[in-house]
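Protein sequence lines correspond, in order, to chains E and G. Note that the numbering used here gives residue 75 to position 75 of the first sequence, counting from 1, and the numbers run on in steps of one. Throughout, the numbering used here is defined as the position within the second sequence, counted from one, plus 115.
Everything labelled a hint here was simulated from the structure, so no lab data went into it. Note that the structure is predicted; figures quoted are calculated from it, not measured. Do not rely on the hints blindly, as some may be mistaken.
[As the list claims (entries may be wrong)] Below, simulated DSBU-like cross-link-like pairs (lysine-lysine); rule was C-alpha separation at most 35 angstroms, straight line:
hint	chain 1	residue 1	chain 2	residue 2
1	E	K57	E	K14
2	E	K9	G	K183
3	G	K173	E	K9
For reference, the chains in residue letters:
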Amino acid sequence: NAGVTQTPKFQVLKTGQSMTLQCAQDMNHNSMYWYRQDPGMGLRLIYYSASEGTTDKGEVPNGYNVSRLNKREFSLRLESAAPSQTSVYFCASSVLQLSGANVLTFGAGSRLTVL
Amino acid sequence: AQSVTQLGSHVSVSEGALVLLRCNYSSSVPPYLFWYVQYPNQGLQLLLKYTSAATLVKGINGFEAEFKKSETSFHLTKPSAHMSDAAEYFCAVSLGPVNSGSARQLTFGSGTQLTVLP
């Protein structure tokens with residue numbers, strides 16, 4: 001059972017280049033998320049998709065776009081990369097448990113460096 | 116709105132000593148609380164969660180946390196540290212029980228790096 005798979009694991013970009021981070025989950029979860037992790041700042045939500053066909057902005061959406069391609073896949077696109085977007089990006093998916101708790105499962109992360 | 120504060124960005128303990136990682140939360144409604152662990156170069160894994168069923172929550176790898184409403188705290192403890200516990204730990208909060216997608220978002224603390232000394 002693969003869980004949440006992110007590609008690529010590492011990427012180096014020049015300022016102004018574009019790229020797409022791919023994420024797929026095989027747990028039949030409805031909700032998916034993109035977070036970025038920066039030292040001393042924890043994880044900050046970029047965008048999320050509560051269900052197939054819907055996407056919403058999180059805490060730090062500027063400079064990013066997302067696509068919920070189907071129930072399994074949720075991609076994150078940087079149209080014109082900036083050095084401030086150097087970070088580790090995590091995709092996650094979740095299922096709402098009977099208790100009402102929303103439990104996230106994370107991918108292994110994608111480390112992006114923008115020069 | 117909800118928020119999480121983790122006191123101490125770095126904590127060092129000796130192997131066999133008590134581990135105490137502090138988390139305080141702010142929430143306008145009864146919260147759901149989580150502790151996640153991140154080992155080097157890996158994603159986050161769920162350690163334990165509080166969902167109002169019991170104030171003392173036991174998780175994996177011998178960790179537990181106690182929800183104290185009067186102190187708005189959810190500190191993580193382990194009686195005896197092991198070298199394999201060295202990792203970064205994140206406390207997180209979400210609103211509940213609600214059905215709104217936005218309300219189910221998790222807000223994470225800034226993390227505590229645990230070092231275990233031999």
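Verification of the hints:
{"no.": "1", "hint": "K57/E to K14/E", "verdict": "25 angstroms, holds"}
{"no.": "2", "hint": "K9/E to K183/G", "verdict": "39 angstroms, violated"}
{"no.": "3", "hint": "K173/G to K9/E", "verdict": "33 angstroms, holds"}
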